[in-house]
Amino acid sequence: MSSWAIIQQSLPLFQKGFFITLKLATLGILGAIVVGIICSLIQYFHLPLLNPLVTIYTEIARNTPLLIQLFFLYYAFPQLGLRLTASQCGVVGLIFLGGSYMAAGFTGGFDGISPSQLEAGQAIGLSRWQLAHYVVLPQGLALSVPALAANIIFLIKETSIFTVIAIPELTNTALDLIGMYYHTNEYLLVLVVAYALILIPLSIILTYLERRVRYGAFGN
Amino acid sequence: MAHSGIDVLTAGSNFSRLLGGLWVTVKIALIAILIGTIVGILLGILRTLPNRPLRFILRLYLEFFRIVPTVVLLFLFYYILPKQFNVNLPAETVATLVFALWVASEMSDIVRGALESVPQHQKEAGQAIGLSYWQLQRYVLIPQAWPLGLPATVNLMTRVVKTTSLLMLISVMDVINIGQQIIEANNKTAPNGVFWIYGIIFMFYFIINYPLSRWDKHLNKRRLEANH
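Heads up: the sequence lines are chains V and A, in that order.
According to UniProt numbering, the residues represented by the first sequence are 1 to 220, in order.
According to UniProt numbering, the residues represented by the second sequence are 1 to 228, in order.
Warning: the hint list may mix true and false statements.
[Stated by the list, open to error] Here are the simulated EDC-like cross-link-like pairs (lysine to aspartate or glutamate), alpha carbons at most 20 Å apart as the crow flies:
#, chain 1, residue 1, chain 2, residue 2
1, A, Lys83, V, Asp176
2, V, Lys157, V, Asp176
3, A, Lys188, A, Asp7
4, A, Lys217, V, Glu59
5, A, Lys221, V, Glu59
6, A, Lys27, A, Glu92
7, A, Lys221, V, Asp111
8, V, Lys16, V, Asp176
9, V, Lys157, A, Glu63
10, A, Lys217, V, Asp111
Think of the hints as simulated: they come from the structure by calculation, not from any bench.
Build out the structure end to end from the sequences listed, making use of the hints.
Written as structure tokens, this is what we have:
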């Protein structure tokens, strides 16, 4: 069988894996952004009680590998009575890891806001919540776009680790096929191309977005 | 007698086996960081040269290692080296090679960025007093670029340590692989063992990475303060 025929035969399976990767990555990234915004606001306003909790969470999540986090969720948590499906573990793991990276990124953006903005907000009597909504978030999020872009790419690549808990995403699909048919070169080629298909257009879009936002920042 | 699970950690030679696995992990990370940093610095310097084809090739190298997830890189080298090039290396060596190449690619970008951030007049002043190309690098550019690139380098180191968790995928006997063996061996008698084994591995990684990430944070803060 020619290489091309082998590749063609495997495409339906890779297509499935492709969409699983995209779906889980999207859910994980959206969740991570929400967790990241909440954590970074807590850190920005130094909310009592919650602030140290966020610090502990981010240090743990950032300093341990996703693979061990997934093993914990998938193999150890059922011992405590918490049983999740592999896909749920994947998304939860990605949110746990990604949330801490997003928090660091947003915190960096918030720190870039000039203190006079905050003082002006306080001077006209805005509450903390109003400050977050009208002053910190609009400016801080714009400043965080470069970090956000890097994190999104990073998290999509991390989904390849889902293969260890047998989620049939792209990498798992390729490894399965290699195990069954031994057409190593062909399947690895499709795998690399599939990741390139997701990541190259995305990184071009994100670079464009970064430029737009930077342009906006100069406009004021 | 009922096991509480924690006994699995201390039973027999389990703990020393885990430490042995951790050493394999750390060794691979250290060698890869060492080789990758040296190669990466050279490549980074080359990338500041005005030679367009060379810059293009090195950029391609960087982008390839950036786009392809490390899991996939490991399998690429693990499967294709023996099959296409008839090079049969032990899994540990393949892993070290992949990590070193990855570190080199990332380092090349850190070094390039740092070298280009050194003010142009520094370079011109060096040329004016007649320094040769390598003297300029050695005495003017590298000493000033070093503090600019250091935080990103430390950050890269924490990423390398975390990524070593993937070693088990190409059956390197690292700390996770050994942990899994212990879990499987004790699964019947102590099902709770899984919690303790993964817990201790979790701790191992944290203990290695936490000081590094503190250092990274400290360096970043110092650099920000220096800028203001």
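To see whether the hints hold, each was checked on the structure:
no. : hint                   : result
1   : A/Lys83 with V/Asp176  : holds, 18 Å
2   : V/Lys157 with V/Asp176 : holds, 19 Å
3   : A/Lys188 with A/Asp7   : holds, 14 Å
4   : A/Lys217 with V/Glu59  : holds, 12 Å
5   : A/Lys221 with V/Glu59  : holds, 17 Å
6   : A/Lys27 with A/Glu92   : holds, 10 Å
7   : A/Lys221 with V/Asp111 : holds, 12 Å
8   : V/Lys16 with V/Asp176  : holds, 13 Å
9   : V/Lys157 with A/Glu63  : holds, 13 Å
10  : A/Lys217 with V/Asp111 : holds, 14 Å
Consistency with the previously given hints is maintained throughout, with no hint failing.
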